[in-house]
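The whole structure should be built from the sequences, with the hints applied where relevant.
Protein chains in written order, with this note's numbering: chain R, 1 to 212; chain C, 1 to 212; chain L, 1 to 340; chain G, 1 to 340.
A couple of the hints might just be wrong.
[Stated by the list, open to error] According to the in silico footprint, chain L covers these stretches of chain R (three or more CB under 8 Å from chain L):
#1 117-125
#2 177-189
[As the list claims (entries may be wrong)] With the Cβ distance kept under 8 Å, some of the chain G side facing chain L (calculated, not the full set):
#3 Lys3
#4 Phe4
#5 Asn6
#6 Glu14
#7 Ala21
#8 Lys232
#9 Asp234
#10 Asp238
#11 Glu270
#12 Leu274
#13 Val294
#14 Arg319
#15 Gln332
#16 Leu333
#17 Glu336
Hint data in this document are derived by calculation from the structure and do not stem from the laboratory.
Where is the CB? At the ideal position from N, CA and C, for every residue including glycine.
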Amino acid sequence: MITILTAQEVKTALTEIRQLMDANRDRLLDLDNDLGDGDLGLTMAKGFAAAEAEAAESEETEPGRLLIKAGMQMAKEAPSTLGTLLATGMMRGGKALDGQQGSVTEQVAALLQAFVAGILERGKTKPGNKTIVDSLHPAALAMKQTAEQGETLAEGLKKALAAAREGEIAARAMQAQHGRAAYYQEQSIGKPDGGAVVGVLIVEGLAKAWGE
Amino acid sequence: MITILTAQEVKTALTEIRQLMDANRDRLLDLDNDLGDGDLGLTMAKGFAAAEAEAAESEETEPGRLLIKAGMQMAKEAPSTLGTLLATGMMRGGKALDGQQGSVTEQVAALLQAFVAGILERGKTKPGNKTIVDSLHPAALAMKQTAEQGETLAEGLKKALAAAREGEIAARAMQAQHGRAAYYQEQSIGKPDGGAVVGVLIVEGLAKAWGE
Amino acid sequence: MKKFLNEPAAFVDEMVEGILAAHPEQLAAVAGALRCLVRANAPRANKVGIATGGGSGHLPLFLGYVGEGMLDGCAVGGVFQSPSADQMLQVTRTIDSGAGVLYIFGNYGGDIMNFDMAAEMAQMDDIQVEQVIAGEDVASAPKEQHEKRRGVAGIFYLYKVAGALADEGASLEEVKQIAIKAGENVRTMGVALTPCIIPEVGKPGFEIGAGEMEIGMGIHGERGIRRGPLLKADQIVDEMLPVILNDLPYESGDEVSVLINGLGATPKEELYVLNRRVSQILGERGITVFNTYVGEYATSMEMAGASVSLLRLDDELKRLLAKPASTPFFTQLQLEGANP
Amino acid sequence: MKKFLNEPAAFVDEMVEGILAAHPEQLAAVAGALRCLVRANAPRANKVGIATGGGSGHLPLFLGYVGEGMLDGCAVGGVFQSPSADQMLQVTRTIDSGAGVLYIFGNYGGDIMNFDMAAEMAQMDDIQVEQVIAGEDVASAPKEQHEKRRGVAGIFYLYKVAGALADEGASLEEVKQIAIKAGENVRTMGVALTPCIIPEVGKPGFEIGAGEMEIGMGIHGERGIRRGPLLKADQIVDEMLPVILNDLPYESGDEVSVLINGLGATPKEELYVLNRRVSQILGERGITVFNTYVGEYATSMEMAGASVSLLRLDDELKRLLAKPASTPFFTQLQLEGANP
Ligand SMILES: Nc1ncnc2c1ncn2[C@@H]1O[C@H](COP(=O)(O)OP(=O)(O)O)[C@@H](O)[C@H]1O
Ligand SMILES: Nc1ncnc2c1ncn2[C@@H]1O[C@H](COP(=O)(O)OP(=O)(O)O)[C@@H](O)[C@H]1O
Ligand SMILES: [Mg+2]
Ligand SMILES: [Mg+2]
Ligand SMILES: [Mg+2]
Ligand SMILES: [Mg+2]
Chain R
1 MITILTAQEV KTALTEIRQL MDANRDRLLD LDNDLGDGDL GLTMAKGFAA AEAEAAESEE
61 TEPGRLLIKA GMQMAKEAPS TLGTLLATGM MRGGKALDGQ QGSVTEQVAA LLQAFVAGIL
121 ERGKTKPGNK TIVDSLHPAA LAMKQTAEQG ETLAEGLKKA LAAAREGEIA ARAMQAQHGR
181 AAYYQEQSIG KPDGGAVVGV LIVEGLAKAW GE
Chain C
1 MITILTAQEV KTALTEIRQL MDANRDRLLD LDNDLGDGDL GLTMAKGFAA AEAEAAESEE
61 TEPGRLLIKA GMQMAKEAPS TLGTLLATGM MRGGKALDGQ QGSVTEQVAA LLQAFVAGIL
121 ERGKTKPGNK TIVDSLHPAA LAMKQTAEQG ETLAEGLKKA LAAAREGEIA ARAMQAQHGR
181 AAYYQEQSIG KPDGGAVVGV LIVEGLAKAW GE
Chain L
1 MKKFLNEPAA FVDEMVEGIL AAHPEQLAAV AGALRCLVRA NAPRANKVGI ATGGGSGHLP
61 LFLGYVGEGM LDGCAVGGVF QSPSADQMLQ VTRTIDSGAG VLYIFGNYGG DIMNFDMAAE
121 MAQMDDIQVE QVIAGEDVAS APKEQHEKRR GVAGIFYLYK VAGALADEGA SLEEVKQIAI
181 KAGENVRTMG VALTPCIIPE VGKPGFEIGA GEMEIGMGIH GERGIRRGPL LKADQIVDEM
241 LPVILNDLPY ESGDEVSVLI NGLGATPKEE LYVLNRRVSQ ILGERGITVF NTYVGEYATS
301 MEMAGASVSL LRLDDELKRL LAKPASTPFF TQLQLEGANP
Chain G
1 MKKFLNEPAA FVDEMVEGIL AAHPEQLAAV AGALRCLVRA NAPRANKVGI ATGGGSGHLP
61 LFLGYVGEGM LDGCAVGGVF QSPSADQMLQ VTRTIDSGAG VLYIFGNYGG DIMNFDMAAE
121 MAQMDDIQVE QVIAGEDVAS APKEQHEKRR GVAGIFYLYK VAGALADEGA SLEEVKQIAI
181 KAGENVRTMG VALTPCIIPE VGKPGFEIGA GEMEIGMGIH GERGIRRGPL LKADQIVDEM
241 LPVILNDLPY ESGDEVSVLI NGLGATPKEE LYVLNRRVSQ ILGERGITVF NTYVGEYATS
301 MEMAGASVSL LRLDDELKRL LAKPASTPFF TQLQLEGANP
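Below you can see the structure in the form of structure tokens.
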């Protein structure tokens, strides 16, 4: 478990997440095929690879600014819906880190909340619409509560991951409201949302990088 | 058998020909279907009906000028290839009658020759290309020879009709060189040409009107 | 798949190369980036820049309207895919003369997010950016939810009037307001007869049965209002046009411009058969027509089908619509009958 | 048959009605005869009139080029059928200002006969008439029999330069000579991917198998040079363009205008993919391009396919090509880079 959030930790987290996206590439492709245009696995693998590489090559030492840079690279290389939303999340999360004074748990909680808030704003959505928000929002909430209760980052990430997984399962029962998935209307009910799964993988990567 | 070629005789001839086109409408449609666009029966029936009506309503007493008028009407109402060629034939035939001094046999011979010459010129063709010319040209030739030998009009028209029929049969063995039929190349060999059949019907109509 | 194609993945880039080869006096790529196109003479001093962008496969949309009297730049996406915020940012930087940049684009999630993101990034560069979203397809959502409506061929009118006003030296806010006004006064409805093929997919994404049509289908094949047997041309217009007319509503005494748009495979002959009935109905309703555009203005590759758009005019919109324009895909001389 | 149609027999008349409704400032029917169209302001004093005509189903051909800087009138035939000599005569009478009338039309038997006949009839009216026949499809006959070649999209260039010269007040003979010169310097070749449907017939008149193409097919489906598997876009250009280039021949140092014409269903995106390769090859051969036209200039209803035309320019042709024109289907501002 990390105790300070440095630029190096941002790099480690991006590597973990990228590895998970690679490992789940085909699963994401299948999910997006069922309810979208079938490119999710590709854009996620490509987008996080670009973000990871950008961060690795950067000389930026401030973790928030590094995350913003990685986010801008994600926007450039993964210009799909989710690529742009994640880029927004990274940029807003990075801004939130800037000047954050609290504990590392509070820092990560602030990052996740700003990340989700950015997605909500840019995606013009709210929880319950069968999107990545439905796994990430509960995760950010769990993280915030852990931080408020003064618990450890490892504990917080464990709870956040559990909340993300629960949220992803709950999202299956929802009806899609956005993007191509919305064309399926009632037929989208019962199917997992690829974006929500991506949300779980992101929290899983953070937990691996910062919680273990 | 007529002895003078009056405007009334032009009208009678057009009526006979129109009746033959009506009676052979479906046959001409079938022939043009095999080697063209399948409209020949329609355009001939329509064109000769228009020519007949124009002549019937006209106060013109000079037979040549009446034929020109009927031809112009044919051009207006039957703007297909053969419609235009026949209109040309009628206009040129009409001009040839103008001032013609000889016997009625000579007059009809001159009419037919100018008729064919007009088609040859406008159609930019010659005998042997599987067209209406292949029945009309031998007919005009037979008519000319009869006239030169001083025989009767009835005799001339009989010979012309026989020559037209022979010519139509000979045309079956030719390869089409013009219009849509030419796209069939060798495959056109062996099939009758609708235009050549029209040529036979025209001579048949003249024979009925002026020879019987 | 009966297409002129090399590698499907290279389709969009090769298309842009072909466009730049054909129109070098009018269009240029930003620093060689094929998918970031601007006017050859960008930026124009003291002029508000207008940028658009969207997926490929809709020519002349979107890039085809970059040129004199219309747009200054376009971010070009993959077939039916939004371009990236980064492309938009590059275009924005290139066309900004200091007078600010207006984004005009269609109401599609990906485009909205990316333009929003681009605006955020441009503002970090101290470029003033405003956005107007076109959404006028009456078949895509009811009037009460008009903010959900898809943008289709009617966006042409927004480009036209905003471009004309920007050329006169108007401010960013003024150009934005005229685009909004055009958007408020335009309505479109379409009908699709066949699907289309995304080169990288290689087969139609959906089918429309032989003898069937789908009224209200979107330009990416989004579900329409109803599917049914293919009706006669006049019956189709009789079904679609009243939906448009009743929506705004367009009323007796109104003056409109008409846009009969072909979706790709439909011959112009048929578009004029549709226009015949449109003009009859407008005449019956006492609505006068100022200018009729017929042709391909917003397509879906080789989809067969058409859409009808009406723009209700006032003196200002009419004046701006009438001004000349010249782009690689659209050229118009000054139209007579409007106050200059 | 996925078409916007009412009664198939009414197709052409309804199309013309739609065209007249859309473009009343530009076009008019002679004494209400829908199939005899002229410029709204015909005749123009002291100007040589230019008339064309041909079958319908090829829009913008033929009537679409009637307008400022191009043609004065057009006789409109049924789908793929020649108009009648009588229609041509009516058009001729209406557009003649006393300066004479030039007929420019494609090399098709029916059109030739009817224009010939119309000329004969017009001369009876003391109207001076000259004729120029366009025939530039290199696939339709070998060079030694060039007088047998079909006229296809390249006729656009004849209209353009003859129209520009007539507008300058040139004599009938001069206008005829420039049309001849354009005809001598233009070559076209096409490729078809699908057949098209004549409304009154209701089904394709021939088939092109899935995955097949026909190189050199004519715009009514006339047999081409060879049928074979659909090749890649670049391979198709690599096969067609050299045939054109070697025919004239077009050589290093020549300057040409390029016309990439869509036959109907083919999206503009694909035409530009073709143009990319065309411009590469011309560059390799040292042939410079003055202006590239890409779009639908001569179609076959909803046939998928394309043709490539080149016009070799000299100063005179270039000057005339560059002049502005404005018709319902073609608008061009003065092109830069030519001596005015
Ligand atoms: N407006 C939105 N707000 C938040 N998330 C969204 C929104 N629209 C789509 N998503 C998420 O994005 C995912 C699809 O992403 P992606 O495959 O990149 O879309 P596309 O290929 O259509 O651009 C969905 O599964 C959903 O979770
Ligand atoms: N150039 C020509 N010269 C003489 N006759 C011709 C010529 N071209 C076609 N024909 C005749 O015209 C007939 C076809 O006429 P028609 O059906 O009117 O043609 P289309 O329908 O193609 O206009 C042919 O059978 C042939 O006899
Ligand atoms: Mg997707
Ligand atoms: Mg996608
Ligand atoms: Mg025929
Ligand atoms: Mg015919």
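State the violated hints by number, sorted upward, taking the hints as numbered earlier in the document. Violated hints (numbers, rising): 10 and 14; every other hint is consistent with the structure.
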